[in-house]
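Colleague: Build the full structure now, drawing on both the sequences and the hints.
Those letters in the sequence shown? Residues 1284 to 1594, by our numbering.
Just so you know, these hints were derived from the structure itself, not from any lab. Values in this document were obtained by computation on a predicted structure and should not be read as measured data. Using N, Cα and C, we set each Cβ at its ideal position, and we do this for glycine too.
Derived CB-CB ranges, DEER-like:
1. G1537 with F1582: 27 to 33 Å
2. V1414 with G1343: 46 to 52 Å
3. T1489 with R1589: 30 to 36 Å
4. F1582 with I1315: 26 to 32 Å
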Amino acid sequence: MANVAIPLGSNRLERTRSIRERIDIPRRVTLIAAILVVLVVALLLAFIGIRGTRMFFEGGVPLTQIFSATWDPGADPGQQTFGLLPFILGTIGVMVVAAIIAAPLSIGLAIFMSEIAPDWARNITRPAMEVFVGIPSVVYGFLGANVLVDVLRSNFHQQFPLGYSWFAGSLVLSIMILPTITSIAYDALITVPGELRTGSLALGTTRWQMIRHILLPAARAGLMTAVILGMLRAAGEALAVQMVIGNRAIVPTGIGQPIITLTSGITLDMGNTTDNQVWNMALWTMGLILLLMSLTFVFLARRIGRRGAAI
1284 MANVAIPLGS NRLERTRSIR ERIDIPRRVT LIAAILVVLV VALLLAFIGI
1334 RGTRMFFEGG VPLTQIFSAT WDPGADPGQQ TFGLLPFILG TIGVMVVAAI
1384 IAAPLSIGLA IFMSEIAPDW ARNITRPAME VFVGIPSVVY GFLGANVLVD
1434 VLRSNFHQQF PLGYSWFAGS LVLSIMILPT ITSIAYDALI TVPGELRTGS
1484 LALGTTRWQM IRHILLPAAR AGLMTAVILG MLRAAGEALA VQMVIGNRAI
1534 VPTGIGQPII TLTSGITLDM GNTTDNQVWN MALWTMGLIL LLMSLTFVFL
1584 ARRIGRRGAA I
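Modeller: Right under this line is the structure:
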């Protein structure tokens, strides 16, 4: 048999890369998509920022006036006042009370789903939460206005003379944000290493002691993030809250009084203004304040998440 000489360097066959592989289309497409998302967010922030500050630069309204408690945009020119304090306090008050109501229930439900519930109960609870998420906000508001408000006015007339109140808005919001907090809290709990559970139980602790002293401290960052994101969800809600809070631009002194929020103020007044009116500029300022509040909550959630990951 004749020996066939193999040239040096030919022991590995190299395939010529196609033009598509050289360009690397998937990588470039994802890079362009990421750049577009960042650009859209930046343009949105810039647009709302410019619009939100027109009231001060073009409308001649002093910055200190937004901290006034008087809101009277329909007065004669020169006598208009644009105090946004009732809107800011109303927004903060509604979402804080909603979080106080929803957080214990949501975290308790997450603990039940992750540590206690059998498979059949978990298979019922999780779809039920998805149903809550899918219900339109107008349905929550309609039920609140026709059921909750009447119950408060009829049975607790001294505390809630009108029924439409701060508490009614917070209670409706607490139901709406309960699935959000529960889902995030559940994910935080199931990511806790199983070794912590088994080690604690092996030392003789009960299941409730393990949950109280091991599980909750280990998932603390995730649980706090869940509550903050729930509050962020509550801050942006408009229609359901608007239908039950009474929408009065006053600084509340009690939980039974009617109030107003930033989102409610925008939706109620945007049809009464034109682009160049100071009133319209004030509504954009409300939107800017709401955006700054949302960014603050997002920053807190990311900061807590990073601190929890470092621990």
